[in-house]
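Spelled out, the chains give:
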Amino acid sequence: MGFISFIQNNSGLVLEYTLNHISLVLTVLVLSLGLWIITGLIISRHDRLAGAVISLSNILFCIPSISLFGLFMAVPGLGLGRNTAVLVLVIYAMMPLVRSVYLGVKSVDYFVMEAGKGMGMTPSQILFRIQIPMAWPTVFAGIRVSVVLITGIATMATFIGEKTLGRLIHQGITRGNADMIIAGAVIVSLIALLLDYIMGRIEKKVISPGLRYRTND
Amino acid sequence: MITLDRISKTFPGTDIPAVDRVSFQVNAGNICVFVGPSGCGKTTILRMINRLEEPSSGRITVNGQDIMSLDPAVLRRTIGYVIQQIGLLPHKTIEQNVSLVPELLNWPKSKIKARVTELLVLVGLDPGTVGRKYPHQLSGGQSQRVGVARAMAADPPIMLMDEPFGAVDPIVRIHLQDEFLRLQQHLKKTICFVTHDINEAVKMGDYLIILNMGRLIQMGTPLEVLTEPADDFVLNLLGDDRGVKILDLTRCETLMDRDRNFPYNPDSCLIQSVKPVKIALELMMKKNIDQVGVCKGERIVGVLTWNSIKEHISRVSRDRP
Numbered sequence: 001m002g003f004i005s006f007i008q009n010n011s012g013l014v015l016e017y018t019l020n021h022i023s024l025v026l027t028v029l030v031l032s033l034g035l036w037i038i039t040g041l042i043i044s045r046h047d048r049l050a051g052a053v054i055s056l057s058n059i060l061f062c063i064p065s066i067s068l069f070g071l072f073m074a075v076p077g078l079g080l081g082r083n084t085a086v087l088v089l090v091i092y093a094m095m096p097l098v099r100s101v102y103l104g105v106k107s108v109d110y111f112v113m114e115a116g117k118g119m120g121m122t123p124s125q126i127l128f129r130i131q132i133p134m135a136w137p138t139v140f141a142g143i144r145v146s147v148v149l150i151t152g153i154a155t156m157a158t159f160i161g162e163k164t165l166g167r168l169i170h171q172g173i174t175r176g177n178a179d180m181i182i183a184g185a186v187i188v189s190l191i192a193l194l195l196d197y198i199m200g201r202i203e204k205k206v207i208s209p210g211l212r213y214r215t216n217d
Numbered sequence: 001m002i003t004l005d006r007i008s009k010t011f012p013g014t015d016i017p018a019v020d021r022v023s024f025q026v027n028a029g030n031i032c033v034f035v036g037p038s039g040c041g042k043t044t045i046l047r048m049i050n051r052l053e054e055p056s057s058g059r060i061t062v063n064g065q066d067i068m069s070l071d072p073a074v075l076r077r078t079i080g081y082v083i084q085q086i087g088l089l090p091h092k093t094i095e096q097n098v099s100l101v102p103e104l105l106n107w108p109k110s111k112i113k114a115r116v117t118e119l120l121v122l123v124g125l126d127p128g129t130v131g132r133k134y135p136h137q138l139s140g141g142q143s144q145r146v147g148v149a150r151a152m153a154a155d156p157p158i159m160l161m162d163e164p165f166g167a168v169d170p171i172v173r174i175h176l177q178d179e180f181l182r183l184q185q186h187l188k189k190t191i192c193f194v195t196h197d198i199n200e201a202v203k204m205g206d207y208l209i210i211l212n213m214g215r216l217i218q219m220g221t222p223l224e225v226l227t228e229p230a231d232d233f234v235l236n237l238l239g240d241d242r243g244v245k246i247l248d249l250t251r252c253e254t255l256m257d258r259d260r261n262f263p264y265n266p267d268s269c270l271i272q273s274v275k276p277v278k279i280a281l282e283l284m285m286k287k288n289i290d291q292v293g294v295c296k297g298e299r300i301v302g303v304l305t306w307n308s309i310k311e312h313i314s315r316v317s318r319d320r321p
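From first to last, the protein sequence lines are chains U and V.
Those letters in the first sequence? Residues 1 to 217, per our numbering, in order.
Those letters in the second sequence? Residues 1 to 321, per our numbering, in order.
These are computed hints drawn from the structure, not numbers from a lab.
In silico PhoX-like cross-links for lysine-lysine, where the CA-CA straight-line distance does not exceed 20 Å:
| no. | chain 1 | residue 1 | chain 2 | residue 2 |
| --- | --- | --- | --- | --- |
| 1 | V | K189 | V | K203 |
| 2 | V | K278 | V | K310 |
| 3 | V | K133 | U | K204 |
| 4 | V | K286 | V | K275 |
| 5 | V | K310 | V | K275 |
| 6 | U | K205 | V | K133 |
Make the full structure from the sequences, and use the hints.
Shown next as structure tokens:
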């Protein structure tokens, strides 16, 4: 258990990297949720746009993260550091989030919406009172995937100067220090698990019990 | 009152109209049943009344007002709408589902709560236990009842019902039909009811509107349609037991003989004059007799004989030349 003593001996450094990692992930999460949920909702109403946006998100998702960090670093005005890191991670969150919002809204039962319309709900009332609440289970699945994904890819931001836990892993590799690598990896995993757990708790609060146990009884 | 004036509807991308110059009127307090095979346009007509579809030509008025001059959402809040698939919102409780339209109309909370309780009782559900459940916890019959309660929530004078009892088994369906007819006796809603089941149509309808391939083939009371079908299509639709159906809709007093004396012991062989002939027939078969006494209250007013029933059916349901 050498990595525990590594953490104990370097607690100041580890704490700094950890907090920085978490703050990067949370910043990205807030921006992504705002941006991509709205994008998902918009494309759910414009089918032609939806195809293009989802294809784009797939392509972006397929680019290796290290090359994307490198590319954006070279863009004037972005450079090394947090701005580039945030931008790249937001791009990675696009695919799971946009797709889950789109699918969630699109998979709402036609007859439920038809009943809502027939009772005199306006299109925006149908969106906010029927489509969005019914899409939550799918959307939350997407959010939880994104959270784990962002936490993992955030380690790569070390190459453009972000002091994330990736730095422990990277330096551990260059110095051949296994304890250092394990310390970084374990803390990253713990952060991912913790955020996922928190998301799970929020999910329980947000999603109606009527949607949680479907058609099994 | 609902009036359709030469309504046609052609869906984009098709040449054949789904509804072809249909005109009729539904009077206040009546159940008007649209019946016909699938694709005959009955659902399309129904959906044009609350503007879920727009007619290609023609005019629809509700209580004298052209519906095209009204905001569709506002119009729909004044018309109850029930569909076969029910479409309860799965993420809302039964109470919340039933309060949907009153909420859209901004009723005060206390009024909504009282109304929901009243409605659930009205459709035969226990507000205490069912009210807090979610739709997936209900049986098919219970869901249909909630669907009807939800449509009646804001007490709309008009209800549109598209095969409202179509998704439940035959036993529950008959039960729901009977209950609904009982409710309608004092609610007196103006109802447009779509079904493909001629038996349901005859049972539920004050008026039938028979449609085929977008055209109105015949309209009239169930008895009128049964005794004088307009053409072979209607004859086919009515089925092989047209005579028996007539017996169910004809009152004993219509066929009774006023001048005859009733020879049997009156206690066991009497029937009320307003009962359908079908019931008199049942009594005759059970007692193995040829005639029953028809009475109004306590007084015997005539005699209904097996021969007069036979002759009547033979006369009205003989094959057309």
